[in-house]
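As they're listed, the protein sequences go chains A and B.
When you line the first sequence up against my numbering, it's residues 556 to 882, in that order.
When you line the second sequence up against my numbering, it's residues -10 to 257, in that order.
Because the hints were derived from the structure by calculation, they are not lab data.
C-beta atoms are modelled at their ideal positions from N, C-alpha and C, and glycine is treated no differently.
Fair warning: there could be bad hints in the mix.
Said to hold, decoys possible - Now the in silico label distances, taken between C-beta atoms and shown as ranges:
1) 139/B - 870/A: 23 to 33 Å
2) 697/A - 15/B: 26 to 36 Å
3) 150/B - 876/A: 18 to 28 Å
Said to hold, decoys possible - Not close to chain A: a few residues of chain B, all C-beta gaps over 12 Å, as computed:
4) 3
5) 22
6) 38
7) 48
8) 74
9) 98
10) 124
11) 167
12) 168
13) 225
Stated by the list, open to error - Computed footprint of chain B on chain A, listed as stretches where at least three residues anywhere in the stretch have a Cβ under 8 Å from a Cβ of chain B:
14) 646 to 655
15) 758 to 764
16) 767 to 780
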Amino acid sequence: MLAESSHRWPWLLLLAVAVVGPPLTGEPYVAHLMVLGSLSALLAVGLNVALGFAGLFSFAQGAFYGIGAYVSALLVLSSGAGFWTAFLAAGVAAGLAGLLLGLLTIRLGGHYLAIATFAFQEIVIVVIRNWDSVTKGPLGLSGVPGPAPLALPGLPPLEFQSELAYYYLALAVLVLAVAVSWRLRTSQIGLELLAVRDDEVAARAMGVRAVQLKIFAFSASAVLAGLAGSLFAHYVKNVSPESFAVATSFAVLVSVLVGGLGTIMGPVLGGIALTFLPEYLRVFQEHRFTIYGALLIVVVIALPGGVAGGLQTLARRWRARAQAARP
Amino acid sequence: MAGARPGGPAVSASLLEVRGLSRWFGGLAAVQGFEIAVAEGQIVGLIGPNGAGKTTIFNLLSGTLRPSAGEVRLAGASIVGRAPEAIARLGLARTFQDLRLFRRLTARENVVVAAFCRAPNSLVSWTFPRHQKGLAGFARQAEELLEFVGLTDKAGDLAMYLSHGQQRRLEVARALATGPRLLLLDEPAGGLGRMESEIMTRLIQRIRASGVTLVLIEHNMHFLMPLVDRVAVMNFGRKIAEGTPAAIREDPEVVAAYLGTAQARARA
C-alpha cells in the first residue's frame, strides 16, 4: 500500500539460486566467494538504509564494519564469550558508535556530513592501528575461533566449519537484514525517511521528525555493518586494520550505486556482483582492474538507477507492451 | 505574560496573533515589527512588492526560520522558537512558493506522509504489526484529499511528473493532510493560467467552508482581492497598511509602494 507493489517471484528465484547454487558447483571457492559476497551485500543493505532511504552520505561503513569485527573478536578472545553473544555485541557496539556519530554530525547537511563520516572512518583506523595493547596494532588479531556448533532441539547440531556451512549462516543473516530493510521501507518510517531525502525543509513543515529519523537510519545502517564485521572476523579468523580502511567504505558505496540506490534488491545484487566480478576478470590478468573500473563507469552511466532500477524499467516496459498487445 | 488576561469578556479570540515579529540577516532587517491578528474562519491576504518580506514571515510563522524577536500565538499558545514539525502538529500548515514536493514519491505518498503528522511517533510504533493496520486510515484520508483537489487519477504518478498546476494543488492537498487549523498558502496561483487559477479559487473557497483559516501571499490582485476579508501590505520588511480590499486599493501609501511616488522616482 505504502510502497510500490512488488512481485515475490524474483526474490524467491534469487533465494533458490543462493541456496542451491553453491553446493551444485561443488567448489569450496565458490562458497568462499559467496560468504564474502553476502558480507558485502550486508554492508550494502546497511548503507542503503542511510543513503538510499534517508539520503545520508556516509563514508564510515568500513569503520563500523571494523568496530564490529574487533569487538566481536576481542570479546571471544579475551573473555571467552561465545560467538552468538559476540555477534550481538558487535551489532550493539557499532550501533552505539553510529548513534554517537549521528548525534554529533547529523545536523550537518549533505557534503559536510560526508566529510565528517570520512574523518570518523580515518580516526577509527588510526585508533585500531595504534592501540597496540588491545588491537595488536597493524599485525591485527589472529586465532579468532569460528562459531561453536549450534544445537537446535530435535536436529543434529549445526556446524559452521566448512565454507558452505558458514555461507548459509551469512545468508541467513543477510535474508534477515533484507527483511528488516523491506519492512522499514514499507512502513510509516520508510515513507517519512524518503520524504526527508527528497526535501527536508518540506518534510519538517509537514510534521516529520527529520532529525530523530535520520539519526535512527544512520545507527541502523551501522548496526548491520557491525554484524557483518563479526561474521567476517569469525570467518577469516584474522582481523587486521586494512580490511576496514576507507577503500572498503568506497567499495560499499559503489556496490549500492551499481546495484540500485534506494531499492531493496539492488544492494544485494551489487554487493554479490562486485565480489565475483574481479574474480571472473582474472583472465585479463594485469588489465583486470582497468576493465573493472571501466565496467563500473559504463553501468553508472547506462543505468542511473543501478541494476535493480534497470530491471524495474525493463519490467514496466514489458508489462506496458503486454497490455498494449491485449485487444 | 501567558494566561494573565484581565477578567471580563475575553479578548477577541484570534486564531493567530503576531506581535513585534522581526528577523535580521546580519544588519539587514528582512522583517521588522510585523503585527497581525487573524480571527478563526477569516481569509487574510499578504501582499507587497518582491523582497518585501512576505515569504520570510511564512518561514518565521511555520518555524522554518527562527524569529530574531517577537511573539507568535496560535490559538493562544506561544509557538515562537518551536521546531517546524512541532508547529505542524499544533495545527499550522503551509505550502511553498517554489514548490517543495517530495519529487520522487507519488502524489498519494506525498499526501500520506503529511497525514502521518497525526499518527504516533513512527520511531516508537514501527515495530508493532498492529500499527500497520492503523495506517490504512491515513491512506484513505489521502485518497479523499486527492479527490478534493482533483488529482485522483494522478495518485500513482511521481510528483515530479505532474504539471505545474497539478503540483500547486498537490502542495495544497499535502498541507491539508496535516489537519491544520491555519493554512498559509504562498502564491497558490503563481504561474497558473486562467483556467487553473479559477480551479484554485474554488478550491480555496471550499477549504474555507470546511472551517480552515487561511493566510495567502499573492501577486495576482485579480485572484486575491475577491477571495480575502482583509489585506495586509508589506514593504521593506514592514507592514505599511491593513484593511479591507476596497480600503487598501485607495490607500496612498500602498499605491506609492506599488507604483512609486513622484518623489521616489525623482530620487532613483
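Going through the numbered hints above, which ones does this structure break? Give me the numbers in ascending order. Going through the list in order, the structure violates hints 2, 7, 8, 9, 10, 11, 12 and 14 and respects the others.
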